[in-house]
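So the chains spell out like this:
Number of protein chains: 2
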Amino acid sequence: MKAFVTGGAGFIGSNLVDHLLSLGHEVVAYDNLSTGMSNFLTDATNHSHFTFIENDVLNTNALTQAMAGSDFVFHLAANADVRFGTDHPEKDLQQNTIATFNVLEAMRHNGIKKIAFSSTGSIYGETSVIPTPEDSPFPIQTSLYGASKLACEGMISAYCEGYGMQGWIFRFVSILGERYTHGHVFDFYKKLLDNPEELFVLGNGKQKKSYLYIQDCLDAILFAIDHAKAPVNILNLGTDEYIEVDDSIGFITKHLNIQPELKYAGGERGWIGDNPFIFLDCSKIRQLGSTPKFSIEQGVIRTLEWLQNNQWVLERRA
Amino acid sequence: MKAFVTGGAGFIGSNLVDHLLSLGHEVVAYDNLSTGMSNFLTDATNHSHFTFIENDVLNTNALTQAMAGSDFVFHLAANADVRFGTDHPEKDLQQNTIATFNVLEAMRHNGIKKIAFSSTGSIYGETSVIPTPEDSPFPIQTSLYGASKLACEGMISAYCEGYGMQGWIFRFVSILGERYTHGHVFDFYKKLLDNPEELFVLGNGKQKKSYLYIQDCLDAILFAIDHAKAPVNILNLGTDEYIEVDDSIGFITKHLNIQPELKYAGGERGWIGDNPFIFLDCSKIRQLGSTPKFSIEQGVIRTLEWLQNNQWVLERRA
Chain A
1 MKAFVTGGAG FIGSNLVDHL LSLGHEVVAY DNLSTGMSNF LTDATNHSHF TFIENDVLNT
61 NALTQAMAGS DFVFHLAANA DVRFGTDHPE KDLQQNTIAT FNVLEAMRHN GIKKIAFSST
121 GSIYGETSVI PTPEDSPFPI QTSLYGASKL ACEGMISAYC EGYGMQGWIF RFVSILGERY
181 THGHVFDFYK KLLDNPEELF VLGNGKQKKS YLYIQDCLDA ILFAIDHAKA PVNILNLGTD
241 EYIEVDDSIG FITKHLNIQP ELKYAGGERG WIGDNPFIFL DCSKIRQLGS TPKFSIEQGV
301 IRTLEWLQNN QWVLERRA
Chain B
1 MKAFVTGGAG FIGSNLVDHL LSLGHEVVAY DNLSTGMSNF LTDATNHSHF TFIENDVLNT
61 NALTQAMAGS DFVFHLAANA DVRFGTDHPE KDLQQNTIAT FNVLEAMRHN GIKKIAFSST
121 GSIYGETSVI PTPEDSPFPI QTSLYGASKL ACEGMISAYC EGYGMQGWIF RFVSILGERY
181 THGHVFDFYK KLLDNPEELF VLGNGKQKKS YLYIQDCLDA ILFAIDHAKA PVNILNLGTD
241 EYIEVDDSIG FITKHLNIQP ELKYAGGERG WIGDNPFIFL DCSKIRQLGS TPKFSIEQGV
301 IRTLEWLQNN QWVLERRA
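If you read the protein sequences in the order shown, they are chains A and B.
Numbered per our numbering, the first sequence finishes at 318, counting up by one with no gaps.
Numbered per our numbering, the second sequence finishes at 318, counting up by one with no gaps.
Please note that a few of the clues may not be correct.
Distance windows between CB atoms, simulated [to be verified]:
id, chain 1, residue 1, chain 2, residue 2, range
1, B, 130, A, 272, 49 to 59 Å
2, A, 47, B, 244, 55 to 65 Å
3, A, 226, B, 308, 52 to 62 Å
4, B, 311, A, 276, 52 to 62 Å
5, B, 46, A, 33, 42 to 52 Å
6, A, 47, B, 111, 29 to 39 Å
7, A, 312, B, 34, 51 to 61 Å
8, B, 2, A, 264, 39 to 49 Å
9, A, 200, B, 54, 48 to 58 Å
10, B, 271, A, 276, 55 to 65 Å
11, B, 208, A, 310, 37 to 47 Å
Partner residues aside, some chain B positions facing chain A, computed with beta carbon under 7 Å [stated by the list, open to error]:
id, residue
12, 93
13, 94
14, 101
15, 131
16, 154
17, 155
18, 192
19, 244
20, 247
These are calculated hints, taken from the structure and not from any lab test.
For glycine and all other residues, C-beta sits at the position ideal for the given N, C-alpha and C.
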């Protein structure tokens, strides 16, 4: 296939680009480098099947032109900053909702019929059903980020129905691994480099979250595209386990061989709109035949090792 | 209260304006008159507690200024054209999703904390659970209209969580009654005036839908605002019955005393994205204590009588 990857210089996007190239596909990465990094595409740029276009998904003309000739869109470009959503509510609207509309319109103008989309488990809000399956009770949104991803899911589904497209919507837990540039492992590691004696933790350390290692995530995405054949395929992607923030701190400090004093902000939420328990029921993708190879602990350690070997990323994202 | 009503010159909006004025509230109606009609506000404009502002919800400065001093927002302005959504997909994005973001931002800037919102039963897509309760399985969107209302619901809920607002989200069935200016009763009556011998019907006439009479709708909205006290209150509004399109044709032709030949386009859907069976479970609002007074048949007849007495509206919306 000729794949078009928005957010192609980002954490998940650049790993997907490498993965698709390794499978022999032609790839166009489209990224405005606002949070994506050109370093992440160093390997890809040496590849003859690869094109990089530095532009914004909000630039509709450029986007439509860039997409011409592609036959599959992986739409990963997004504002992924969940925590500070209420500081700048227009970001989720612009970079998630309107951006996704632009991607769908560019597909329509180019006659491209297939789209994979990175949604989120945050979309379930504070659901009462845990682990949470895809058809759990209609949730109430608790974050602007989740709400914007919900808006995107809805548009993609309606475009599939209205214009005969086919969609794969992936509701991710947090993804970990190489090129990870934000999230709790990043934050903790950065803080511990500054001061290995003390670690300040948002919330009470008991927030329960699930994580998935990037290579398992990519394997699941590509497996699902080959095996899920409905017009709209909505799939949770995660591991079949969860950990508490304190567990993760344990993995990290053990690996770094330090014993910082832990100071908790308190409260069961890390921030307004934070969900104290995210754990997805992934039976649907398991039944299709895809299972992750790495545990959460292995994912945390691999992330940490990559950060240790790529400390430039800590400066870049100060 | 001082109520701010977007879409205040529309079908539901203008009836709400009159209703609120009759209860002694101060009312500001905001409408761009693109589908709303100034005639609908004739009674209101004679009222000392009423102000009309002709402007667009997409004009953020005007909207923010107009809202100053109000303490409750009824956000009814919307593109309500479900059927032709795929002809102009940007309309639902602009007039529903972005417009609602603008309303929420204008509220935030003015420190207004309460919003009632007109959502839709279309949001349930083609759910497998009928009658459909508010917490039915997470649906897949089938129309751009439903998807845009879902986006609005999500933003409103996230604003309530993030900024301490309180929201009442009403998922309507189709509303009927005085000042009704689009929908099947309008279309059928208009066609039958042109040619009482023949009626062309989209779909097979067996589509099952539920309807609610406008005064029952307004009573339910105001009742819910007084009695539902959660931060986010999501409520289906409908009658506890449904009819088939053929039933409605029967009510209409009997009332008009004509016997047209019925010609069906065929198929179980009236159009792409049409839902062949909409019937909401309204137990939640019933348990609060609100029950409609009018049957669907009574609603259809009252709508028809109003159209007969206001034939100018048929010309205006040719």
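Checked hints:
1. B:130 / A:272: 49 to 59 Å: Roughly 37 Å apart at Cβ, these two residues miss the hinted range, so it is violated.
2. A:47 / B:244: 55 to 65 Å: Since the Cβ atoms of residue 47 of chain A and residue 244 of chain B sit about 59 Å apart, the hinted range of 55 to 65 Å holds.
3. A:226 / B:308: 52 to 62 Å: holds (59 Å)
4. B:311 / A:276: 52 to 62 Å: With Cβ atoms ~59 Å apart, the hint holds.
5. B:46 / A:33: 42 to 52 Å: violated (59 Å)
6. A:47 / B:111: 29 to 39 Å: violated (54 Å)
7. A:312 / B:34: 51 to 61 Å: holds (53 Å)
8. B:2 / A:264: 39 to 49 Å: With a Cβ separation near 44 Å, residue 2 of chain B and residue 264 of chain A satisfy 39 to 49 Å, so the hint holds.
9. A:200 / B:54: 48 to 58 Å: Given a distance of about 53 Å, which is inside 48 to 58 Å, the answer is holds.
10. B:271 / A:276: 55 to 65 Å: Given a distance of about 44 Å, which is not inside 55 to 65 Å, the answer is violated.
11. B:208 / A:310: 37 to 47 Å: For residue 310 of chain A against residue 208 of chain B, whose Cβ atoms are near 59 Å apart, the range 37 to 47 Å is violated.
12. 93: holds (5 Å)
13. 94: violated (10 Å)
14. 101: holds (5 Å)
15. 131: Since chain A brings no Cβ nearer than about 14 Å to residue 131 of chain B, farther than 7 Å, the hint is violated.
16. 154: Where the cut-off is 7 Å and the nearest Cβ of chain A is about 3 Å from residue 154 of chain B, the hint holds.
17. 155: Since the shortest Cβ distance to chain A is 5 Å, the answer is holds.
18. 192: At 30 Å from the nearest chain A Cβ, residue 192 of chain B fails the 7 Å test, so the hint is violated.
19. 244: violated (23 Å)
20. 247: Residue 247 of chain B check fails; min Cβ-Cβ to chain A is 27 Å, beyond 7 Å.
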